[in-house]
Every structure is written in structure tokens, then in C-alpha cells.
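*Asks:* Residue strings, one per chain:
2 protein chains.
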Amino acid sequence: MTVLTDQFTEELISIDLHLRKAVYGLRNPAASIAAYHFGWEDADGELTEANSGKALRPLLTLLAAKTVAEEWRAALPAAVAVELVHNFSLVHDDVIDRDEFRRHRPTVWKVFGANDAILVGDALHALAFETIAEADDAHAAAAARLLSRTVRTLIEGQFADIRFEGRTSIDLAECIAMSENKTASLMGCATALGALYGGGSQAHVDALWDFGFRLGTAFQHIDDLLGIWGDPEATGKSVYSDLRSRKKSLPVTAALRSGDPRAEELARLYHSDAPLDDAALDRAAELVEACGGRRYCRESAEALVEEAVASLRVRGLDAAAVADLGELAASTVSRVR
Amino acid sequence: MTVLTDQFTEELISIDLHLRKAVYGLRNPAASIAAYHFGWEDADGELTEANSGKALRPLLTLLAAKTVAEEWRAALPAAVAVELVHNFSLVHDDVIDRDEFRRHRPTVWKVFGANDAILVGDALHALAFETIAEADDAHAAAAARLLSRTVRTLIEGQFADIRFEGRTSIDLAECIAMSENKTASLMGCATALGALYGGGSQAHVDALWDFGFRLGTAFQHIDDLLGIWGDPEATGKSVYSDLRSRKKSLPVTAALRSGDPRAEELARLYHSDAPLDDAALDRAAELVEACGGRRYCRESAEALVEEAVASLRVRGLDAAAVADLGELAASTVSRVR
Chain A
1 MTVLTDQFTE ELISIDLHLR KAVYGLRNPA ASIAAYHFGW EDADGELTEA NSGKALRPLL
61 TLLAAKTVAE EWRAALPAAV AVELVHNFSL VHDDVIDRDE FRRHRPTVWK VFGANDAILV
121 GDALHALAFE TIAEADDAHA AAAARLLSRT VRTLIEGQFA DIRFEGRTSI DLAECIAMSE
181 NKTASLMGCA TALGALYGGG SQAHVDALWD FGFRLGTAFQ HIDDLLGIWG DPEATGKSVY
241 SDLRSRKKSL PVTAALRSGD PRAEELARLY HSDAPLDDAA LDRAAELVEA CGGRRYCRES
301 AEALVEEAVA SLRVRGLDAA AVADLGELAA STVSRVR
Chain B
1 MTVLTDQFTE ELISIDLHLR KAVYGLRNPA ASIAAYHFGW EDADGELTEA NSGKALRPLL
61 TLLAAKTVAE EWRAALPAAV AVELVHNFSL VHDDVIDRDE FRRHRPTVWK VFGANDAILV
121 GDALHALAFE TIAEADDAHA AAAARLLSRT VRTLIEGQFA DIRFEGRTSI DLAECIAMSE
181 NKTASLMGCA TALGALYGGG SQAHVDALWD FGFRLGTAFQ HIDDLLGIWG DPEATGKSVY
241 SDLRSRKKSL PVTAALRSGD PRAEELARLY HSDAPLDDAA LDRAAELVEA CGGRRYCRES
301 AEALVEEAVA SLRVRGLDAA AVADLGELAA STVSRVR
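Quick note, the sequences are listed as chains A and B, same order.
The first sequence begins at 1 in the numbering used here and counts up one residue at a time.
The second sequence begins at 1 in the numbering used here and counts up one residue at a time.
This is chain A alone, in the form it adopts within the complex (with noise of 0.2 angstroms):
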């Protein structure tokens, strides 16, 4: 991500500064806590410059207008509502999942309480509505159409996540569709709307839906693989966090639906009551990895990008634009290699 982010500097400078203008016209304390959320002051409201997360989803805007227009700024309130849904929903997932730290710093719950990070998700959910209905061009009804459906379908994502921890048995498809709802559907969300606020027809809109919804999907299978396999210093998650966590992640459930004998080994340490210790975790990862499940959910990413970058394959698109966001689509799988 790192090349990718110094060659789009100005967009992401304007994103960044769009968002900030957004988040700022909050009252406070929600303000002050989406601010620290954002990584941009810390827990007494002094400016920070902590890590405030990629802005892969808003570049993603962007880029997806630059293919239907030469100015992507038009796209910059949707590219804003975007990232807002998607912090909105970090917010939330937080506090559901108990987790204490995102982006190596504290999280919003852990920081101002349950209560607090409730209500600053709510307000920036509220937030990204309120940035497309402001922006007030011909767009803001589609784009509302798009982005409300994009979140309940993100729910259902969150609702599922949820359900399959207290479950033993987890189908492929519904890890599958899973990752879908809770990734790939605001991706393809992203892509969709800088292709409308571009001015693109419906087909351009369709086709660059498609791109970020494959790639979203190819974002997570990525992500799964780092929840066991990351570098601890990268992701800020401990070894095996996933392993640890006992989380039906795609490479886990490929492994247990995979029919190898070794699945079975891999189901006792996965539905046992015990904490994993360093030993049983080594082993789970070798397991995963024996039966297939790395490997699954490499090359299903691998051929995720590849159809995703195929589905830019319209007529009138422009192909320098085009270009950028394959090298995107790339860089992202190439996190694990």
C-alpha cells in the first residue's frame, strides 16, 4: 500500500481534509472522539498523528471517478460518506466484539466506555447520510439508495460474523457470503458511487461495482490469511490472533470442509473448551495450512483480483485510470506473498 498511497497523494490529502472538515462540524464530545477514533488527537483532544487507517475505500471513489471523468473531485462527499460508513461500523464492531485495540491504539469503547462509542458511531453513520444529502447535486438520491442498502447489508455481515461463534459447523458459502456482506459490499459500494458521481452510465456504475465488490471479497480473504499468518508488527494483532480467537475465518473453515483426515485433528483443537496454548496454536496453523486452507484462500483472492480487474473491461472507461486501479487491486493481494 505504501507506493500506492505516495503515487495518489492528492487524493488522499483531499479525502483526508474533506473528512476532517466532516468530523469537525460534529459537536462535541462526539468530535473530540471521532477525532481520536480517526487517529488525529488523542484521548485529552491534543493533535496527534497516530495511523488513521488506509482510506483504501475513499481512494477507491476516486480512482473508480477518474475512469469516467478527468475530475475525480466531484466525487469527494461520497468518498467522505464512504469512509464514514466504514468507521461507523469499526466503531460498532468494537464495542460488539470487545476488541481493545485497533490501529496498535486503544479502541473508542475501551477509551470513552461503551456508551460513548455507541453514540460517536451513530453520529458518524448519521454523518455520511448527511454529507451525500448536503452535497445536494442530482446524485444524492441514488447515492443514498446505494449506501443505506450497503449498510444493511453490512449488518447482516455483523449479524452472521455474530451467529457463527456459537456455532461448531460452518459452511464455505456462508463464510463466504459472510465476508461478502461485511467487506465486500461497502467496497463495491465505494467503486459504485465515484463511478455515479463521476457521471457514468449505468453500465459503468454496474462494471465498477463489480471491480470493488471482488475485490472487497479478495480484501478479506487477505485479511483472514494475515489473522493467522500476519506479521503481529503490521497487523498490530498477536500471532494467530484468529487461531487464538477460535474464529471461523475462510482458510479455517476450507481446512475443516476440506475432507482431509487432518480436518479432524484440526475440529478437536477447534471445538475444545481450552485456551490454545503456543503449541496447540503451531499446530492449528500447520493443520490449516496441511489441509488445504492457506492455499484456498490465496490463489480464491488471486482469482477474486483477476475478475475483478475483468470486470473493468467496458467500453469508455479510461484505461490510464483503469490501470491504477488494477495496480491497486494487485498491491492488495500482494500483502501476503
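Fair warning: there could be bad hints in the mix.
Claimed, not checked - Listed next, the in silico DMTMM-like pairs over lysine to aspartate or glutamate satisfying Cα-Cα at most 25 angstroms (straight line): (1) B:K110 - A:D99; (2) B:K110 - B:D161; (3) B:K247 - B:E165; (4) A:K237 - A:E299; (5) B:K248 - B:D206; (6) B:K110 - B:D99; (7) B:K21 - B:D137; (8) B:K54 - B:E165; (9) A:K110 - B:D223; (10) A:K247 - A:D97; (11) B:K110 - A:E165; (12) A:K110 - B:D97; (13) A:K110 - B:D99; (14) A:K110 - B:E165; (15) A:K110 - A:D99; (16) B:K247 - B:D223; (17) A:K247 - A:D137; (18) A:K237 - A:D97; (19) B:K247 - B:D161; (20) A:K54 - A:E41; (21) B:K110 - A:D161; (22) B:K21 - B:E71; (23) B:K110 - A:D97; (24) A:K54 - A:E10.
As the list claims (entries may be wrong) - Some chain A residues flagged as far from chain B (calculated, every beta-carbon gap over 10 angstroms): (25) Y24; (26) G39; (27) D42; (28) F88; (29) A140; (30) D260; (31) E265; (32) L276.
To be clear, the hints were calculated from the coordinates, so they are not data collected in a lab.
C-beta atoms are modelled at their ideal positions from N, C-alpha and C, and glycine is treated no differently.
For chain A, the structure is supplied; the task is to place chain B on it using the hints.
*Replies:* For chain B alone, coordinates are given in the frame of chain A:
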């Protein structure tokens, strides 16, 4: 309210049908949890006929539409959206306040857990915007703008409410501003949206907003009176409910700020750490009344209802519809007589 409910049967049935259609359009588990919240189903998903609430806000939307148009059905999406926002905020507020009962039934978080309650609230919030955006008419952008600003205001009110709990001294102005943000803004939004969808002019929309906002402020004042002197059978709360929880509601704040020497005894009761026993609760209620808090609150509500009705003295509104709104407003205050 009963008389009015009988009077507007057709409108109330329309609201109910459209609201059910929207909510049942959510996927499970969100749909069935929301259906439980609305009193349509019990916790096992069996249809039931519990008290769904008064549907006051969506009724206000439709009656407001009737002041500018014969056909009120065009305003149904707005009425549904307003009711969805109201209920999203109730579900989240119950989590935040740890309230265990609403409309004489266990609250959503109490039955399904806080995580499901957060997610269902989010789903209802998004569904409100979806309902407006899907209606796809000329008013979608303006309605989304008004609704999103209103949610932001609602959240400001809820933040203030939380912050008040940790403070010993509240100004009367702060207390009133909190009621305006938490309650009046959504009622102003409800009536303004009715005028907007009815095709009213900006002057009509503004007048209806004023009406709803003032009525909403009065409504909250009356609720504050009922929180102390309400009949537990009717309110579903314990006797002296707000005193028991030492809530800084308007009658209490007005009494504490009255300058009456007896306010000091009330302050001592309110600021002590010991739970208030029955004798202390009786005494606190007596002191609020002796210091003029009860009268101040009732008189403010009556004045606000008069101002609300006066807001409707603009050219071009339908006299019969204005009379209906006036009657509804009067019935709100008569709850405490």
C-alpha cells in the same frame, strides 16, 4: 391519545402497514428482533399484539401533510422513516441507559443481548434513509438532509443526557436544550417532512417545523412530569421513577434553580449517595412541587403548545387539518391533568 387514535384510524393503519412492510424487508435475525421491539412478535417469533407505542411522530407527519395537500399518502415514506429513526434511538438508548422495560415488555438488549440491540438499531437507522431514498421522488435529497441533521441533533441530546448524570449542577437552559435535542427536533422533523412531501412551500415547511418542535418540547416537559407523578399503570415505570434514578429532569432542575430556600434540602437529597427510600422519595416530590418545579414545567408546556398552534397561522394551510393538529397538541398536555 385514545380519542385521537380512534379519529385517525385510516392514517394509523396505513402507517402500521407501511412500517411492517419496511421492517419485514430486513433479513433475519434483524427483522424478527425489530418485530419484537415494535410489539408485533414475542421473543420466539410468534405474532402478538403488544403495545407498539403511540405512533405519534408518523401521525404528525401525515397530519402535517394534510395541512398542505388533500392526499396525505405521498408522505407515508417520510412518516415511516421518522418512526424508524425514533425506534432506532429507543433501542440504542435502552442499551445505553440499561433500561430493562419499555412499553411494559423487556427491552431488546434484555432479551437478545446488547450486541444484537446495537446492530438492530443500526439496521433501523439505515432503513430510515433507505425508505426515503427508495421512494425516489423529488423530495429524497431534502428529506435525507433534514433527517440526517435531526439524527445528529438527537445524538447531541443523548450525549448531553449521559453527561448530565455525572454533574451535580445543571442550568435550566441546558436542561431545556437537552429536551429540544432529544425530543423536539425529531417532532419538528416529522411535521416538516409532512409539509415537504405534501408539496408545501418553504414557508409552510418552516411553519410546520416550528409547530412540531414546540409541541415536542412541550411533550418532553409533560414526560418529565409523568416521570415523577405519572401513574405507574400508564407509564410502565415505578412511582417517582425519575426521582429514584435522580434524573435531572426539568421539574427537578427548575426546583433546584428556583432560589427557594427549600431547594437546599432537595439538593441534599439529590446529591447524597444513599438510595432514596419511600419517605425520601415522597419528600423529594413534595420539595420539587413546593419550589415551583411542577408548576413551572406544566406552565411551560402549556405556553409551548399555544406557541406551537400559533406557528400555524400562515397563509394557505387547510383549516380543518390545522384544527386536527391543534387538538392533537392539546391532548398531549392534557395527559397530566
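*Asks:* Compare the structure with each hint and give your call.
*Replies:* For each hint, the structure was consulted:
no., hint, verdict
1, B:K110 - A:D99, "holds (22 angstroms)"
2, B:K110 - B:D161, "holds (21 angstroms)"
3, B:K247 - B:E165, "holds (7 angstroms)"
4, A:K237 - A:E299, "holds (24 angstroms)"
5, B:K248 - B:D206, "violated (31 angstroms)"
6, B:K110 - B:D99, "holds (8 angstroms)"
7, B:K21 - B:D137, "holds (19 angstroms)"
8, B:K54 - B:E165, "violated (28 angstroms)"
9, A:K110 - B:D223, "violated (34 angstroms)"
10, A:K247 - A:D97, "holds (12 angstroms)"
11, B:K110 - A:E165, "holds (20 angstroms)"
12, A:K110 - B:D97, "holds (18 angstroms)"
13, A:K110 - B:D99, "holds (22 angstroms)"
14, A:K110 - B:E165, "holds (20 angstroms)"
15, A:K110 - A:D99, "holds (8 angstroms)"
16, B:K247 - B:D223, "holds (12 angstroms)"
17, A:K247 - A:D137, "violated (43 angstroms)"
18, A:K237 - A:D97, "holds (14 angstroms)"
19, B:K247 - B:D161, "holds (9 angstroms)"
20, A:K54 - A:E41, "holds (17 angstroms)"
21, B:K110 - A:D161, "holds (21 angstroms)"
22, B:K21 - B:E71, "holds (21 angstroms)"
23, B:K110 - A:D97, "holds (18 angstroms)"
24, A:K54 - A:E10, "holds (15 angstroms)"
25, Y24, "holds (13 angstroms)"
26, G39, "holds (21 angstroms)"
27, D42, "holds (20 angstroms)"
28, F88, "violated (8 angstroms)"
29, A140, "violated (4 angstroms)"
30, D260, "holds (33 angstroms)"
31, E265, "holds (32 angstroms)"
32, L276, "holds (24 angstroms)"
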